[in-house]
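Chemist: As you go down the protein sequences, you meet chains A and B in turn.
So that you can map any letter, position 18 of the first sequence is 19 in this note's numbering, and since no number is skipped, the others follow by simple counting.
So that you can map any letter, position 108 of the second sequence is 189 in this note's numbering, and since no number is skipped, the others follow by simple counting.
Careful: at least some of the hints might be erroneous.
To be verified - Pairs of lysine-lysine residues, derived as PhoX-like cross-links and limited to a Cα-Cα distance of at most 25 angstroms, are as follows:
no., chain 1, residue 1, chain 2, residue 2
1, A, 16, A, 72
2, A, 79, A, 63
3, A, 79, B, 123
4, A, 45, A, 84
5, A, 79, A, 16
6, A, 63, A, 16
7, A, 72, A, 84
8, A, 12, B, 123
9, B, 82, A, 63
10, B, 82, A, 45
11, A, 79, A, 12
12, A, 45, B, 123
13, A, 84, B, 123
14, B, 149, A, 45
Hints were generated in silico from the structure; no laboratory data involved.
Please read all numbers here as calculations on a predicted model, not as lab measurements.
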Amino acid sequence: EAGVAQSPRYKIIEKRQSVAFWCNPISGHATLYWYQQILGQGPKLLIQFQNNGVVDDSQLPKDRFSAERLKGVDSTLKIQPAKLEDSAVYLCASSLDGITGGYTFGSGTRLTVV
Amino acid sequence: KQEVTQIPAALSVPEGENLVLNCSFTDSAIYNLQWFRQDPGKGLTSLLLIQSSQREQTSGRLNASLDKSSGRSTLYIAASQPGDSATYLCAVRPGSGGYNKLIFGAGTRLAVHP
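All chains should be modelled from the sequences, with the hints used to inform the complete structure.
Modeler: Here it is, written out as structure tokens:
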């Protein structure tokens, strides 16, 4: 089966600019996750969707980050305006039902804010 | 609050050695535990998933054990090879299931030299 697709692979922006990331999960996977991984740390969950509804966005900085999952398939994560501390790898993952089994991760988008 | 710690943070070994990576978690009420591998600039690849009712899982040269009561898991790599060089991440899914997110450790960076 095809994996989790993410784009772009790399992005460099100046602080206060906006940026958007895209994720296409594995076909049929109901649960989609966005994780932020700062260099030297483990991934931290930003937001979790079950189909097109939000299950957990408790660690999403809502003043600058937003995410949506239209029609329960693709998802976009947006940052506006970006700060230097947003420099990280943004990982998208999907899971069949979000309850049992494991996750499949995409290759991630490396964001550098200068 | 669940916290996951991985020791050591980095490890360098000669090819052929057997090695053990350690993961500890503060709350024993977990649903499952998963070990991932992350290559530089890449996403996460799932290695082994252990359900809370299981004691261990094996895949090829990898063996992961789980002692839920003591809050520990180990990943054993037999006959290490240079291709095993990567960061290994441990993650737990808290609670009795449901849509709980994975909580990651910071990882162990492994270098296997010829």
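Chemist: For each hint, tell me whether it holds in the structure or not.
Modeler: A quick look at each hint next to the structure:
Restraint check for residue 16 of chain A and residue 72 of chain A: not satisfied, since their Cα atoms lie roughly 32 angstroms apart, outside the 25 angstroms limit. Distance hint between residue 79 of chain A and residue 63 of chain A is fulfilled; the C-alpha atoms sit about 10 angstroms from each other, no more than 25 angstroms. As the CA atoms of residue 79 of chain A and residue 123 of chain B are separated by approximately 21 angstroms, the hinted pair is consistent with the 25 angstroms bound. Taking the CA atoms of residue 45 of chain A and residue 84 of chain A, the gap is about 17 angstroms. The hint holds against a cut of 25 angstroms.
For the hint pairing residue 79 of chain A with residue 16 of chain A, the CA-to-CA distance comes to about 14 angstroms; that is within 25 angstroms, so the pair holds. Proposed proximity of residue 63 of chain A and residue 16 of chain A is supported: the alpha carbons are some 17 angstroms apart, at most 25 angstroms. The suggested pairing of residue 72 of chain A with residue 84 of chain A is violated, with an alpha-carbon distance near 30 angstroms, which exceeds 25 angstroms. Using a Cα cut-off of 25 angstroms, the hinted pair residue 12 of chain A and residue 123 of chain B holds, with the two alpha carbons roughly 15 angstroms apart.
A distance of roughly 22 angstroms separates the Cα atoms of residue 82 of chain B and residue 63 of chain A; the hinted pair therefore holds under the 25 angstroms criterion. Taking the CA atoms of residue 82 of chain B and residue 45 of chain A, the gap is near 14 angstroms; set against the 25 angstroms cutoff, the hint holds. For the suggested pair residue 79 of chain A and residue 12 of chain A, the alpha carbons sit about 13 angstroms apart, so the restraint of at most 25 angstroms is met. The suggested pairing of residue 45 of chain A with residue 123 of chain B holds, with an alpha-carbon distance near 16 angstroms, which does not exceed 25 angstroms.
A distance of roughly 23 angstroms separates the Cα atoms of residue 84 of chain A and residue 123 of chain B; the hinted pair therefore holds under the 25 angstroms criterion. Straight-line distance between C-alpha atoms of residue 149 of chain B and residue 45 of chain A comes to about 22 angstroms, which keeps the hinted pair within the 25 angstroms bound.
Checked against the numbered hints given earlier, the structure breaks hints 1, 7 and satisfies all the rest.
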